[in-house]
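*Asks:* Protein chains in written order, with our numbering: chain L, 1 to 323; chain B, 1001 to 1520.
Just so you know, the hints here were simulated from the structure itself, not pulled from any lab data. Note that the coordinates shown come from a computational prediction; the quantities given were computed from them, not determined experimentally. Accuracy of the hints is not assured; some may be wrong.
[What the hints assert, rightly or not] Stretch by stretch, here's where chain L covers chain B in the computed footprint (C-beta under 8 Å, at least three residues): (1) 1360-1368; (2) 1374-1380; (3) 1384-1390.
Don't be surprised by glycine CBs; every beta carbon is placed ideally from N, CA and C.
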Amino acid sequence: MNTNTPLTSRNPLTFKQKVLPVWNQLGMLIILILLCAIMAMFAPYFTEVHNILNILKQSSITAILAAGMTVVILTGGIDLSVGSTLALSGVISVMLTNAGIPPVLAMLTGAAVGYIAGFINGYFTAVTKLPAFVVTLGSMTYLRGIAFVISGGLPLVLTNKFFIFFGAGSMLGVPTPIYIMAVVYVIMFFVLKYTMFGRHLYAIGGNEEAARLTGIKVERTLINVYSISGLMAGIAGVVMAGRVISGQPNAGISFELDAIAAVILGGTSFVGGVGKIQGTIIGVLIMAVLSNGLTLLDVDFYWQMIVKGIVIVIAVLLDKFRN
Amino acid sequence: MSRVANSLINRKPQGTHSNEIVLSMDGIYKSFSGVQVLRDIHLDLYKGEVHALMGENGAGKSTLMKIMAGIYRPDSGKIVYQGQETVWHNPLEARGKGISVIHQEISLSPNLTIGENILMGTKFPKNRLGLIQWDVIHKQAKTILESIGSSLDPRTKVSELSVAQQQIVEIARALSFNSEVLIMDEPTASLTDKEIDKLFVIIDDLRQRGVAIVYISHRMDEIFRISDRCTVLRDGQWISSHPISQTNPELLVKQMVGRELSDLFLKTFTPPSLAEKEPVLELITVSDKDIVDKVSLKIHPGEIVGLAGLVGAGRTELFRTIFGISKMTTGEIRLDGKRVTIKSPIEAMKHGIAHVPESRKEQGLFPNLSVKENIIMNQMHTYRKAGVLQYERMNPEIDKYIKDLGVRTASPEQNVMGLSGGNQQKVVIARWLSIGPKVLLLDEPTRGVDVGAKTEIHKIICELAEKGLAVLMVSSELPEILAVSDRILVMHEGKLKAELSREEATQEKIMYYATGEIKK
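Same shape as in the complex, but just chain L (with noise of 0.2 Å):
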């Protein structure tokens, strides 16, 4: 697979502490390797360079959620919103689109309108101290109606090329989507390693009090954290509009618990403080291999959703087990 492969230890270490990380790292990993090994033997053309195209492309959406969804969970929050941002996002940028208004423009209104609702929700989560699950619960349940009311309920259909492109275009025979999703997660892996704000996160999401005693501005790191979420919902509602040619308001139903399960399985602790932007992009390909194999074996639908259900539990025991 052409995943980016995760921790090389950097310093010398006694062997227990270098295997120790690099085991909790990989194991994911390993999983992955294993299921794609398993659907390499017995599914038909699951490593075809078009079906891995195609799992990639079809995790894009997902992964660019979870990028955002790791930033909040590593801070020990959670963000139930972001399914809803994308069909808002998405209705809006095509809504403008069809208007008017330059695309480039109207993809970047979209993702500033994500931006926006993360805002308010990291607004209510960090002055107001209310919890993450209920604001963001309550703005999952509000955005999705400003969105069905701006698009009258129905969905807006697409024309500018341009804009399709980013959704449903390719460069190179890669579609696009995947390229954006690769800045996403090199960017994401910069914020979290090199840049204070990165080092804050994973100090608010470990100790609260004790990053708040160190002089950390816990408030405005935890408003930047719900914004960034909300700003990848927004691109990934514009790539998802794109694909699908056109803003609708029932975009994105359940996809932010998606995005958590990807996380989860990805290795980072709901407690925060814990984990990894590579090990979030494991957690999303697990969960799209197993779809396509599924697929590939003509296994019905229903009966894949009993199984990941399944995996995503067994999934995170072997994690504890691990640690």
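Position chain B relative to chain L; hints supplied.
*Replies:* Then chain B, alone, in the frame of chain L:
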């Protein structure tokens, strides 16, 4: 002073208790993970007496109390209750037999009514359909409340009550189990004088009814006002038991402390003529909204000032006010002679104040991060280039702290939770030194640290002072205060009660002021 004590003694009713022993403990031993916390403890409790249990923080009072109430089981020793040798398997069993505890923190469910809280843990009366009969519950609760002279309505929600009223509900609940023995842990800690008077009337009434009361308190005046006898513990050992009429506050304090300054690091260097230097930090009548009450003090560069007092004296709160965590309601803070306003930890840090908090685990460490990141967290911003963190550049600085403070870690990349308590504390201290502070606030710097590491930390503190840092240190361990400080301030109930020089300070003197006995 003894005149004060005598007048206190004269006011309290004497010898009302019978000679019938209700509970007797003999040769009680208890250790936690290898640390002996109780050694050969004796305690006889008579029917209808108020028995004061006294000792410093960590003397073993609460452990003994918890053994009495069946929360812990002793490693060895005998408990005889109502004439029978007894082993409590759990607190419910002890409570069922008539031993109730009122813990220091109120343990009521605020969202339920007074009646529910009082009868919680008993079987609620039900009708034929298996539904709860609320009328009966409230009637029963009302009877209990009235028996201690309270007119509270059992249908009121507990969240609507004052702390004192909640305390009454706690007592009523304890009585609902027909208690023979009632253990009260610092019941007056958050009560006003008037409320204390009321509580004492209730206690006196319970005593008349033959209930034996174990009364834990740090307040000397209360002990002499309410109790019949007292037992003193020190470092987990039984020191004495006698009728309160045969002792006095000075003697009790002596029995409570009486520890030696053996094997502790002793500060040798005392900066000359401190008074001539300008103070680096000066507080003028600083108060907060809770407890800190018009505290004024000065600290000079190179000086270590120990802040002594009992738990709850407001020392931590004073630190939190200086550091901008809690709000200062009156007074002013001056740094290098200039008045400053500090509204957040960030502002305090900018003024060169460092704060090593009381609880390493809850307030100090990032348990998910490495030693390296724990050390550098406050100074990360100085290792950026165009917003990008340069980890390589941090290494020399981090190695320097690890070496200077003697942090024993396999590698800077090791997770900080893999270190011993003492080394974790050094990591927290290193983080605060990294900001280059002028004033260092240390809150219980050696709590949960073994003896060897303690000495090392004391040495570090003294070396820092020699380099010109002003150190203000809160500690509940008197030997530590005496070993390290140039000057000692004693707090009691939010007020600064005394200032003692290194030469004149003794454990007895400090305890004397810390328990609120004022010479005049």
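*Asks:* How does the segment 1360-1368 of chain B fare against chain L when you require at least three residues with a CB closer than 8 Å, holds or violated?
*Replies:* Result for this restraint: holds, n = 7.
*Asks:* Report holds or violated for chain L covering the segment 1374-1380 of chain B, Cβ cut-off 8 Å, minimum 3 residues.
*Replies:* holds (count 3)
*Asks:* How does the coverage statement for the segment 1384-1390 of chain B fare against chain L, requiring three or more residues with Cβ below 8 Å from a Cβ of that chain?
*Replies:* holds (count 4)
The structure fails none of the hints (numbered hints given earlier).
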